[in-house]
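Trainee: Take the sequences, apply the hints, and build the full model.
Protein sequence lines, in the order shown, are assigned to chains H and V.
Read in our numbering, the first sequence has 352 at position 352, and its numbers run on one by one without any break.
Read in our numbering, the second sequence has 116 at position 116, and its numbers run on one by one without any break.
Hints were generated in silico from the structure; no laboratory data involved.
Among the hints, erroneous ones may be present.
Just so you know, same-sequence chains aren't split out, so a pair can sit in one copy or run between any two.
Stated by the list, open to error - Simulated pairs of lysine-lysine, DSS-like, Cα-Cα distance not exceeding 30 Å:
id, residue 1, residue 2
1, Lys216, Lys155
2, Lys219, Lys33
3, Lys283, Lys101
4, Lys496, Lys537
5, Lys409, Lys307
6, Lys283, Lys396
7, Lys155, Lys188
8, Lys188, Lys105
9, Lys283, Lys537
10, Lys283, Lys428
11, Lys91, Lys33
12, Lys283, Lys496
13, Lys283, Lys155
14, Lys63, Lys489
15, Lys33, Lys537
16, Lys63, Lys409
17, Lys515, Lys496
None of the values given here were measured: they were computed from a predicted structure.
Number of protein chains: 2
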Amino acid sequence: MTEDRTISIIVVGASAAGLRAAARARRRLPDAKILVIDQGSFISYAGCGMPYFVSGDIQSVDKLRTTPYGLIRDVAFFREAKGLEVVTGTKVERIDRDARKVYCKSMRTGEASVYSYDKLVLATGARPIVPPGVLIDNKRITTFRSLEDAISLRKSLETGKIEKVGIIGGGLIGCELAEAFSALWGAKVVLIDAAPNILPGVLDPEMALAVEAYLKSEKVEIHTNCPFEDITGSAEAVTIKTAQTNFEVDCAVIAVGVRPNSELAAGCGLAIGKTGGVVVDDKMTTSDPNIFAAGDCVEVRHLISGKSINLPLGSLANRQGRIIGSNLGGGDERFGPVVGSTAVKLFDMNIAATGLMETSARDAGFNVGCVWGTFTDRADYYPEAQNIHFKLVFDKQSGRLLGLQGYGKGEVVKRVDVFSALLKNEGKLEDLMDMEFAYAPPYAPAVDPLYALACIARNAVLEEIQPLAPDSWYDERVIIDMRRPDELKSAPLPEKDILNIPFEEIRRKWEEIPKDKPLICICSKGVRSAESLRFLKEKGFSDIVYLGGGCFMKPAI
Amino acid sequence: MTEDRTISIIVVGASAAGLRAAARARRRLPDAKILVIDQGSFISYAGCGMPYFVSGDIQSVDKLRTTPYGLIRDVAFFREAKGLEVVTGTKVERIDRDARKVYCKSMRTGEASVYSYDKLVLATGARPIVPPGVLIDNKRITTFRSLEDAISLRKSLETGKIEKVGIIGGGLIGCELAEAFSALWGAKVVLIDAAPNILPGVLDPEMALAVEAYLKSEKVEIHTNCPFEDITGSAEAVTIKTAQTNFEVDCAVIAVGVRPNSELAAGCGLAIGKTGGVVVDDKMTTSDPNIFAAGDCVEVRHLISGKSINLPLGSLANRQGRIIGSNLGGGDERFGPVVGSTAVKLFDMNIAATGLMETSARDAGFNVGCVWGTFTDRADYYPEAQNIHFKLVFDKQSGRLLGLQGYGKGEVVKRVDVFSALLKNEGKLEDLMDMEFAYAPPYAPAVDPLYALACIARNAVLEEIQPLAPDSWYDERVIIDMRRPDELKSAPLPEKDILNIPFEEIRRKWEEIPKDKPLICICSKGVRSAESLRFLKEKGFSDIVYLGGGCFMKPAI
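Mentor: Following this line, the structure appears as structure tokens:
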């Protein structure tokens, strides 16, 4: 056992949260003794970038741990440039809160060491969930969390050893890996998830279905409603057993989510939340005033639902780390509740969401309204304009904004970010309508999609211009297809009983519509049918709705 | 003179504001008589798209007046699809407010007509400013406002008649046209402006200088501080006379701004503001409760300065038109004060701004602080990451956000839009730090540029980590260049008295720095020098600043 050195601040974990806390504390407390301890060998690498290394978009793994000015972020860099001492390959095994000591063991030599602290920062991160009963004892079966995981997968791809991959879990990482394996390397990918749709924590089903259809068009094989049962590997192959069928693959990645590494905190009696994350207040202090925690190991509060959640994002980890560093240096900085903004790029499709999904909004007790819309991301005459599709979740009583989900090949993320800013201020539909986008044809239509969505929502609430969800069944309704004849070929409706009355003829031909039957108006984006709905209601048609987002959002059957 | 017909609602002007008001009123008041009168022949075209038609990015001019579903927005379209009567080629010459009548004249036949109204909407737009004494009586000299202007310019380009173009005015339109003429058609462009920099209403000088340098690299010839004096044209050429020199060109476009068409309103005694725009309240009502006005002909209030301004943007015109239509139909909708978000794409550079510029913020009485920053728009390891550059204007006392300006080949506009959302809520630096961006490596770095800018601002105010503006002179200061040796070649500093101490060596070598001289730290983006500033201040260096935004924002000399 080495001698007991007095260290003012000890940080456990040398990734985003921990190093940011340490670096910030160093700036505020130039004379403090600061020690960062990490059990791994690589530190300060961009875990979020690993799928792009696996895919080959990033050539060298060092890119993920290089500063913008070309230095590798290793122990020497932090010592010389940041004035921080970092010890790697060392596991903190136990915390003695009364004595303010941490007890460590070298992962290489097994040697024990102990350090005293005045203040302790826990940034222990999270680890992949492994389904019960699964033993990861075969090289062909892996999780995806460490740089070592990424290096090993990339090597197998490069040497052509992987022709078919099974990915268990259709969340963000699972989907990113599906692209990584198939886009550049051409591996065949089977993606399975027990949920009814992929990206279950990000998108509501009707939105996720469209992303699924797109991934399928990119040759990803997707099996949803497909609970994983077991996995077995041999030297040559892997068998994934599910409730549906068995899949034979060359290798399998388990990506069913992560779990906070809160055992160290729990072991010394710190409060742990129901989510399994370390409980912290808005100054990022744990239940012990001398111990702070940040990053993937903590739980945070959702601004809208009020619930505690885990939100393992590098962006939050950085912000939380800085707050701890400032507060260690005598500051009074706070981490507010989150709205949970998320984004993922899959092939050429941009997907993003913020706030509550429809079900979580209902669970939180809101009087939930939902509307959908298809738009161009720029002026529709601008050559690079692309369609984007959104779902807006709001409270019908108050008009409060609750959530936004979007996908498409155009600029989706910008709108989600703007919406996130409004959510933070408890914005309402009228704030969306008051929003001022920097407008020029290459960036937005004159009427921005977010503004148009707010109009759609208000029309639904105030004037009962009611959309049906894009994945609705409406067999009992007579369909009025309001598209022009030349539009019908590109996306024909499979249903029968269709009355085709183009939008521009509705004022002449409305009397052809049967008065005594339930109706649904359909067009390409939902705009023309919503407008006609108002006209037809004036003419006395009462049981009439339209297809939200139009044919362009209708999932393929 | 035709007979007097009773019309409930008359709208003067069939562009964004007027048609939107009419269409919305039609939906709310299905039985109203609504007449839209316009003096031109083309209606409802996207004026903002005209530069892209001139450039050839858009092939047919009809693209600018086609619905997304392929119908030309002409008189027949508005009649059939929208239930609106539109009369073109008819000028409203006079309004009799007591009698509630408008007196019109046909532009084609000279025939007079008169219509009675219950409610009148003025959407008369704006027209190009022509410098005093200039007669536009030559085909080679033109302004750029109507579709006819665009068609004629495009024709001249296509037939190769234009080899060299003079553009008078370096505002948004002037700069867009500079690209339009040179990018595809290869015309030589001379851009002149009396102001010290281009985009004078959008960017502060040090920001505009960088855009100028970029335009020059794209072969646009720029003359600022170059007041226009006169222009003369012959059948073969045009001479532009300026205080500097004379320019001989094949044709000239005058783009020195627009002026509200408020003469009709003024003629009937409606209140006109100092800006020349029609005065309206937040329901878009003029000083006559039966007359509304919207679009480029009105003045609006700036949320931060409280001043009245003209802001001729299609996005605002649409919003204002809808508000009038709703209010005509019994609604109670309001148009709030504006923050003035603007964007323009020039070649591959994105430029955007919102809120107040530095001088306008000072004029408005704020205790103005400014900071600059260079960032990557995505994770720096992501293959398509690009540099973007920002200037943040804020109030030093309260931390209130006042304005943001940005340029670069990466995603600038998203950040300006998010900032605009925060401005609308009178956001502060801490709101910027609390902002939650949808983070994934293809969309943002884990620490978003806006968050980093807020940190830079707080460090400047709270810790006196003081940046100099990128275009500052600092001859009297010793320069500490903190870049690594291999970075110096790409952007060498022309100055003498440079001490090169790379960032990662500063903790070892700081004693080499002269203690008794004023100092400036410089690096590529400002990050390393700001961080070193803090360290050096601890070591007792007091007269020390750093170059905001780093070498990457320093305008070429």
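Trainee: Quick one: Lys33 to Lys537, C-alpha cut-off 30 Å, is that within a copy, between copies, both, or neither?
Mentor: For Lys33 and Lys537, the Cα distance is within 30 Å only across copies (19 Å; inside one copy 73 Å).
Trainee: Is it within, between, both or neither when you check Lys283 against Lys101 at 30 Å Cα-Cα?
Mentor: For Lys283 and Lys101, the Cα distance is within 30 Å only inside one copy (22 Å; across copies 66 Å).
Trainee: How do Lys283 and Lys496 come out at 30 Å by Cα distance, when the copy is not named: within, between, both, or neither?
Mentor: neither (61 Å within a copy, 47 Å between copies)
Trainee: At most 30 Å between CA atoms: does that hold for Lys409 and Lys307 within a copy, between copies, both, or neither?
Mentor: Intra 33 Å, inter 40 Å, cutoff 30 Å: neither.
Trainee: If the cutoff is 30 Å on CA atoms, where do Lys155 and Lys188 land: within, between, both or neither? Let me know, please.
Mentor: within (17 Å within a copy, 52 Å between copies)
Trainee: If the cutoff is 30 Å on CA atoms, where do Lys283 and Lys396 land: within, between, both or neither? Let me know, please.
Mentor: between (34 Å within a copy, 24 Å between copies)
Trainee: Tell me, please, which holds for Lys283 and Lys155 at an alpha-carbon limit of 30 Å: within, between, both or neither?
Mentor: Neither. Shortest intra-copy (43 Å) and inter-copy (65 Å) distances fail the 30 Å Cα cut-off.
Trainee: Please sort Lys91 with Lys33 into within, between, both or neither, judging by C-alpha distance up to 30 Å.
Mentor: within (20 Å within a copy, 80 Å between copies)
Trainee: What label fits Lys216 with Lys155 when the C-alpha limit is 30 Å: within, between, both, or neither?
Mentor: Result: close within a single copy only, 26 Å intra versus 46 Å inter.
Trainee: Please work out whether the CA atoms of Lys283 and Lys428 approach to 30 Å or closer within one copy, between two copies, in both situations, or in neither?
Mentor: both (29 Å within a copy, 19 Å between copies)
Trainee: Within a copy, between copies, both or neither: where do Lys63 and Lys489 come within 30 Å Cα-Cα?
Mentor: between (48 Å within a copy, 22 Å between copies)
Trainee: If the cut is 30 Å between Cα atoms, do Lys63 and Lys409 qualify within a copy, between copies, both or neither?
Mentor: Intra 27 Å, inter 22 Å, cutoff 30 Å: intra and inter.
In terms of the numbered hints stated before, the structure departs from hints 2, 5, 8, 12, 13, listed from lowest to highest.
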